[in-house]
Amino acid sequence: MEQLTHMEANLQRVKKGDAKASMHRMEIDRIRFVLSSYLRSRLQKIERFFPHILEREKSRGEGDPSLLSPEEFAFAKEYHANTETYLKAVALKRMPPNLQTVDMLKAVPEPCLDSFVFLRVKERQENILIEPETDDQREYVVDMEEGSQHLMRYRTIAPLVSSGAVQLI
Amino acid sequence: MFCVTVWFCSQEDGLRQILQEMESLYEQNQSDVNEAKSDGRAELIPSIKLRHCCLLRNQRCVAAYLYDRLLRIRALRWEYGSVLPANVRFHMCAEELQWFSQYKKSLASFMRSLGADGLDITQDMKPPKSLYIEVRCLKDHGEFEIDDGTVILLKKNSQHFLPRWKCEQLIRQGVLEHVMS
Numbered sequence: 001m002e003q004l005t006h007m008e009a010n011l012q013r014v015k016k017g018d019a020k021a022s023m024h025r026m027e028i029d030r031i032r033f034v035l036s037s038y039l040r041s042r043l044q045k046i047e048r049f050f051p052h053i054l055e056r057e058k059s060r061g062e063g064d065p066s067l068l069s070p071e072e073f074a075f076a077k078e079y080h081a082n083t084e085t086y087l088k089a090v091a092l093k094r095m096p097p098n099l100q101t102v103d104m105l106k107a108v109p110e111p112c113l114d115s116f117v118f119l120r121v122k123e124r125q126e127n128i129l130i131e132p133e134t135d136d137q138r139e140y141v142v143d144m145e146e147g148s149q150h151l152m153r154y155r156t157i158a159p160l161v162s163s164g165a166v167q168l169i
Numbered sequence: 001m002f003c004v005t006v007w008f009c010s011q012e013d014g015l016r017q018i019l020q021e022m023e024s025l026y027e028q029n030q031s032d033v034n035e036a037k038s039d040g041r042a043e044l045i046p047s048i049k050l051r052h053c054c055l056l057r058n059q060r061c062v063a064a065y066l067y068d069r070l071l072r073i074r075a076l077r078w079e080y081g082s083v084l085p086a087n088v089r090f091h092m093c094a095e096e097l098q099w100f101s102q103y104k105k106s107l108a109s110f111m112r113s114l115g116a117d118g119l120d121i122t123q124d125m126k127p128p129k130s131l132y133i134e135v136r137c138l139k140d141h142g143e144f145e146i147d148d149g150t151v152i153l154l155k156k157n158s159q160h161f162l163p164r165w166k167c168e169q170l171i172r173q174g175v176l177e178h179v180m181s
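Going down the list, the protein sequences come from chains A and B. If you use the UniProt record's numbering, the first sequence corresponds to residues 1 to 169, in order. If you use the UniProt record's numbering, the second sequence corresponds to residues 1 to 181, in order.
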């Protein structure tokens, strides 16, 4: 973000028609796109999984860092409240007394932690346990060399992503 | 954006019928539950359970339908902008307009918090390919100012060579059309 503002300030100073201006402009546009796209993805995931994300924030321990920025957390809470208010006002309050709430945690699908993800190993890992996929298979262990790339279930390597030992690509 | 409006019609009648059905099922259950308790008529229990399942299913379907409407309304903010055209607003109930207004506010608040001056993440939806693009005006839009101060008159069918980033929103709204040669 700071780079963006710095570059836009530079652009104002460069003379109109100067070739450098175009390069600057392109670079600004590219940076702005990447940044916007990243922030949009985060917001979309928050909207898609909002009850589960809020639940995880609630049950987060004292020392655990949040996965959301304070502004994202506020956005998530507002989205939740807004949606609940709407459902209540339009339908739920006109339903029988025992059916006037919806359990969002059950109603909204959870993120699938078993999806496969691409990752790059930053710190060498030994003896990572891979769960069997089918009844015929058995669990086994792998070592992951630094710099190597893999395609694995997210659930298996989730703690390593948190610690920074692997990087999702 | 226009396919969103085709899907959008008022939900009042269908919803009212379902809510009436739920009320009637509930009342039948209330009376059966009382009878089962006071007269010990255990054979009423399966129908009580069946009605309860129907009630739960109705609730689920109603919630799913209403939430789907919200998702389409949300999409309008991202694809069209923060001011909805009258023909879309016509199909939305007061609570949906309220939801939209609240959602816009939440989003605006979030975007303002990014960096020093905020960042409008509803722009830059596609990776930038070129600096300037050729656009044709699809409807009269009046005067349009670009960064260096020049004012362009956007008259229907006129063609212009404009900075891409200024045109994005107008292209999405259907005012301009990107001409690819």
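Be careful, since some hints might not be right.
Using 30 Å as the maximum straight-line C-alpha spacing, the simulated BS3-like pairs for lysine-lysine come out as follows [to be verified]: (1) B/Lys139 to B/Lys129; (2) A/Lys88 to B/Lys166; (3) B/Lys49 to A/Lys45; (4) B/Lys156 to A/Lys88; (5) A/Lys45 to B/Lys156; (6) B/Lys139 to B/Lys166; (7) B/Lys126 to A/Lys93; (8) B/Lys49 to A/Lys106; (9) A/Lys93 to A/Lys106; (10) B/Lys105 to A/Lys106; (11) A/Lys93 to B/Lys49; (12) B/Lys126 to A/Lys106; (13) A/Lys45 to B/Lys139; (14) A/Lys106 to A/Lys58; (15) A/Lys45 to A/Lys106; (16) A/Lys77 to B/Lys156; (17) B/Lys49 to A/Lys77; (18) B/Lys156 to B/Lys126; (19) B/Lys156 to A/Lys58; (20) A/Lys88 to A/Lys122; (21) A/Lys93 to B/Lys105; (22) B/Lys104 to A/Lys93; (23) A/Lys58 to A/Lys88; (24) A/Lys93 to B/Lys37; (25) B/Lys37 to A/Lys45; (26) B/Lys126 to A/Lys88; (27) A/Lys77 to B/Lys139; (28) B/Lys37 to A/Lys58; (29) B/Lys166 to B/Lys105; (30) A/Lys77 to A/Lys122.
Computed far set for chain B versus chain A, every beta-carbon distance over 12 Å [said to hold, decoys possible]: (31) Leu15; (32) Ala63; (33) Leu71; (34) Ala94; (35) Glu96; (36) Trp99; (37) Ser101; (38) Ser113.
No lab work stands behind these hints, which were simulated from the structure alone. As the structure is a prediction and not an experimental result, all values here were calculated from the model. C-beta: ideal position from N, C-alpha, C; glycine also.
Consistency of the hints with the structure:
Our distance criterion of 30 Å between C-alpha atoms is met by lysine 139 of chain B and lysine 129 of chain B, whose separation comes to about 25 Å. Taking the CA atoms of lysine 88 of chain A and lysine 166 of chain B, the gap is near 41 Å; set against the 30 Å cutoff, the hint is violated. At roughly 37 Å between alpha-carbon atoms, lysine 49 of chain B and lysine 45 of chain A are farther apart than 30 Å, so this suggested pair is violated. Note on lysine 156 of chain B and lysine 88 of chain A: the hinted pairing is violated, with a Cα-Cα distance of about 46 Å set against a maximum of 30 Å.
Restraint check for lysine 45 of chain A and lysine 156 of chain B: the C-alpha separation of about 40 Å exceeds 30 Å, so the hint is violated. About 17 Å separates the Cα atoms of lysine 139 of chain B and lysine 166 of chain B, which keeps this hinted pair within 30 Å; it holds. With a C-alpha separation of about 42 Å, the suggested pair lysine 126 of chain B and lysine 93 of chain A falls outside the 30 Å cut-off, and the hint is violated. Only pairs whose Cα atoms come within 30 Å are accepted, and lysine 49 of chain B paired with lysine 106 of chain A is accepted, the gap being roughly 21 Å.
Under the criterion of a C-alpha separation no larger than 30 Å, the hint pairing lysine 93 of chain A with lysine 106 of chain A is consistent with the structure, at around 20 Å. Between the alpha carbons of lysine 105 of chain B and lysine 106 of chain A the distance comes to roughly 27 Å, so the proposed pair stays at or under 30 Å and holds. The suggested pairing of lysine 93 of chain A with lysine 49 of chain B holds, with an alpha-carbon distance near 22 Å, which does not exceed 30 Å. The straight-line distance between the Cα atoms of lysine 126 of chain B and lysine 106 of chain A is roughly 35 Å, outside the 30 Å bound, and the hint therefore fails.
For the suggested pair lysine 45 of chain A and lysine 139 of chain B, the alpha carbons sit about 36 Å apart, so the restraint of at most 30 Å is broken. For the given pair, lysine 106 of chain A sits about 17 Å from lysine 58 of chain A by alpha-carbon distance, which is consistent with the 30 Å threshold. Proximity of lysine 45 of chain A to lysine 106 of chain A is assessed by CA-CA distance (about 17 Å); at most 30 Å being required, the pair is judged to hold. Distance restraint check for lysine 77 of chain A and lysine 156 of chain B: the Cα-Cα separation of roughly 44 Å exceeds the 30 Å cut-off, and the hinted pair is therefore not satisfied.
Taken as a hint, the lysine 49 of chain B and lysine 77 of chain A pair is broken in the structure, with Cα atoms around 35 Å apart against an allowance of 30 Å. As the CA atoms of lysine 156 of chain B and lysine 126 of chain B are separated by approximately 25 Å, the hinted pair is consistent with the 30 Å bound. Proximity of lysine 156 of chain B to lysine 58 of chain A is assessed by CA-CA distance (about 54 Å); at most 30 Å being required, the pair is judged violated. Pair hint lysine 88 of chain A plus lysine 122 of chain A does not hold up; C-alpha atoms about 48 Å apart against a cutoff of 30 Å.
Annotation: proposed proximity of lysine 93 of chain A to lysine 105 of chain B holds, straight-line Cα distance about 25 Å (limit 30 Å). A C-alpha spacing of about 25 Å is found between lysine 104 of chain B and lysine 93 of chain A, which places the hinted pair at or below 30 Å, so the restraint holds. A hinted pair counts as satisfied when its Cα atoms are at most 30 Å apart, and lysine 58 of chain A with lysine 88 of chain A qualifies at roughly 23 Å. Restraint check: the Cα-Cα separation between lysine 93 of chain A and lysine 37 of chain B comes to about 28 Å, which is no more than 30 Å; the hinted pair holds.
Restraint check for lysine 37 of chain B and lysine 45 of chain A: the C-alpha separation of about 48 Å exceeds 30 Å, so the hint is violated. Distance restraint check for lysine 126 of chain B and lysine 88 of chain A: the Cα-Cα separation of roughly 37 Å exceeds the 30 Å cut-off, and the hinted pair is therefore not satisfied. A C-alpha spacing of about 40 Å is found between lysine 77 of chain A and lysine 139 of chain B, which places the hinted pair above 30 Å, so the restraint is violated. At roughly 41 Å between alpha-carbon atoms, lysine 37 of chain B and lysine 58 of chain A are farther apart than 30 Å, so this suggested pair is violated.
Restraint check: the Cα-Cα separation between lysine 166 of chain B and lysine 105 of chain B comes to about 23 Å, which is no more than 30 Å; the hinted pair holds. With a C-alpha separation of about 35 Å, the suggested pairing of lysine 77 of chain A with lysine 122 of chain A is violated against the 30 Å cut-off. Its closest Cβ contact with chain A, about 7 Å, brings leucine 15 of chain B to no more than 12 Å, contrary to its assignment away from the interface. The claim that alanine 63 of chain B is not at the interface with chain A is violated, since a C-beta of that chain comes within 12 Å of its own (minimum 5 Å).
Its beta-carbon lying about 9 Å from the closest one in chain A, leucine 71 of chain B breaks the requirement of being farther than 12 Å from that chain. Residue-level check failed: alanine 94 of chain B sits 9 Å from the nearest beta carbon of chain A, not beyond 12 Å. Some Cβ of chain A comes within 12 Å of the Cβ of glutamate 96 of chain B; the nearest lies about 7 Å off, and the non-interface call is violated. At roughly 5 Å from the closest C-beta of chain A, the C-beta of tryptophan 99 of chain B falls inside 12 Å, breaking its exclusion from the interface.
For serine 101 of chain B, the shortest C-beta to C-beta distance to chain A comes to about 9 Å, within the 12 Å cut-off, and the non-interface label is violated. Distance check for serine 113 of chain B against chain A: the nearest CB is about 4 Å away, which does not clear 12 Å, and the non-interface claim fails.
Hint compliance for this structure: hints 2, 3, 4, 5, 7, 12, 13, 16, 17, 19, 20, 25, 26, 27, 28, 30, 31, 32, 33, 34, 35, 36, 37, 38 are not met, and every other hint is.
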